[in-house]
Amino acid sequence: MAHTIDTEVFQAFSTYATIVILKMMLMAPLTAYFRITRKAFANFEDTMGKTTEEKKKTVRVNEDVERVRRCHQNDLENIIPFVVIGLLYALTGPDLSIALLHFRLFVGSRFVHTVAYVMVLPQPSRALSWMVGMVITFSMAYRVLTTVLLL
Amino acid sequence: MAHTIDTEVFQAFSTYATIVILKMMLMAPLTAYFRITRKAFANFEDTMGKTTEEKKKTVRVNEDVERVRRCHQNDLENIIPFVVIGLLYALTGPDLSIALLHFRLFVGSRFVHTVAYVMVLPQPSRALSWMVGMVITFSMAYRVLTTVLLL
Amino acid sequence: MAHTIDTEVFQAFSTYATIVILKMMLMAPLTAYFRITRKAFANFEDTMGKTTEEKKKTVRVNEDVERVRRCHQNDLENIIPFVVIGLLYALTGPDLSIALLHFRLFVGSRFVHTVAYVMVLPQPSRALSWMVGMVITFSMAYRVLTTVLLL
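Protein chains in written order, with my numbering: chain E, 1 to 151; chain C, 1 to 151; chain P, 1 to 151.
Hints listed in this document are in silico derivations from the structure and should not be mistaken for laboratory results.
A hint or two may mislead.
Said to hold, decoys possible - In silico contact screen, one side only, chain E against chain P (beta carbon under 7 Å); selected entries: (1) Ala12; (2) Ser14; (3) Thr15; (4) Thr18; (5) Ile21; (6) Ala42; (7) Glu45; (8) Thr47; (9) Met48; (10) Val83; (11) Val115; (12) Val118.
We put the CB at the ideal spot given by N, CA and C, even for glycine.
For reference, chain E alone in the conformation it holds in the complex (with noise of 0.2 Å):
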């Protein structure tokens, strides 16, 4: 597993992991913006309104909140798993083309599930771009663990 971090396959893993790991941030500031159009705060000290009466009322539970948190709560459990295996993948040197193919379609997929979910597009467009990822995920996983294994 030496001398392999200079790679191609290392930028490329470098590349989309950055790029992935962006888009999972993002979900930050439209969790703000879906709070602040829908008046649901999760926190007193943020709410905005001129009386007490009307803050505190501000400080609620709101489906459409919910479902961009529900979203960035799944980019924590898929994109977090990927990009640790990717970059053990990464230091086993693969070929660039296989590499590039995984990065590619794990990254692809998971900018579908977020549409997919922040739309509320009709399943199973989100189930399948979700398993899509695991199953990248699980396929890096398995060259990993066929190349270093050492239990």
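Given chain E, put chains C and P in place with the hints provided.
Chains C and P alone, transformed into the frame defined by chain E:
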């Protein structure tokens, strides 16, 4: 910290990190299994039922589903710190036997934690397994900080 | 990107990443502290009390507990992207002084964020500390993408 990425310690880390991340990822299908058998969904478009009325009733919170979700969340909060600090720890060049002890105990403790959480084993089984994982990660963090400290 | 894993930048990254991950992990004992003092537990097997009736009453949601949990969640959503992008950034070989500026500002901003969240400091203290962290991570992501871009 140079030239250690091709060591046996790094291979051991790659193996155990991949295994424990895969374990974490399997919480998602487990959540789906409980959502379907308990008929408790988070999104209207995920529901199954003949009429809209029937579907609406299955958008609800179920305690068994929430339990698996809390377990998944606990994995995120503990396994990801292990992976990050474990990677840096592996690069400090520890003894293989000591590193293996850390990795095996951590991964073992997280499997026990999941069984204790999902099967509702009496406390302190879950608390102890969680604490073992925390102590292991702190132990690795201690070595990282004492080896490479540059503030 | 070769031969940079033994640099001072990587040592600085290892130090700050470990510190900020430890900070994140300490949110778990803090949550436990609030759960015990507020007598608000998530699982029946965690409760303390003499009778089953008393125990059942302590399986409940408490605002102070939820506040710490939201702070922990915000850490997951921001610190993990910092660690991933910071690792790739450290491998691009930036100037040590500029890298240290990024790492120190980020870690400092997250400590301020935690204090502002848990102590309920008036806004915009929490919003600003969160934004500093986001900008730092975006700045590192910009360097990663402009240095290694391979799509």
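Outcome of the hint check:
no.: 1; hint: Ala12; result: holds (5 Å)
no.: 2; hint: Ser14; result: holds (5 Å)
no.: 3; hint: Thr15; result: holds (5 Å)
no.: 4; hint: Thr18; result: holds (5 Å)
no.: 5; hint: Ile21; result: holds (5 Å)
no.: 6; hint: Ala42; result: holds (6 Å)
no.: 7; hint: Glu45; result: holds (5 Å)
no.: 8; hint: Thr47; result: violated (9 Å)
no.: 9; hint: Met48; result: violated (10 Å)
no.: 10; hint: Val83; result: holds (5 Å)
no.: 11; hint: Val115; result: violated (20 Å)
no.: 12; hint: Val118; result: violated (16 Å)
Violation of the numbered hints given earlier is confined to hints 8, 9, 11 and 12; the remaining hints are satisfied by the structure.
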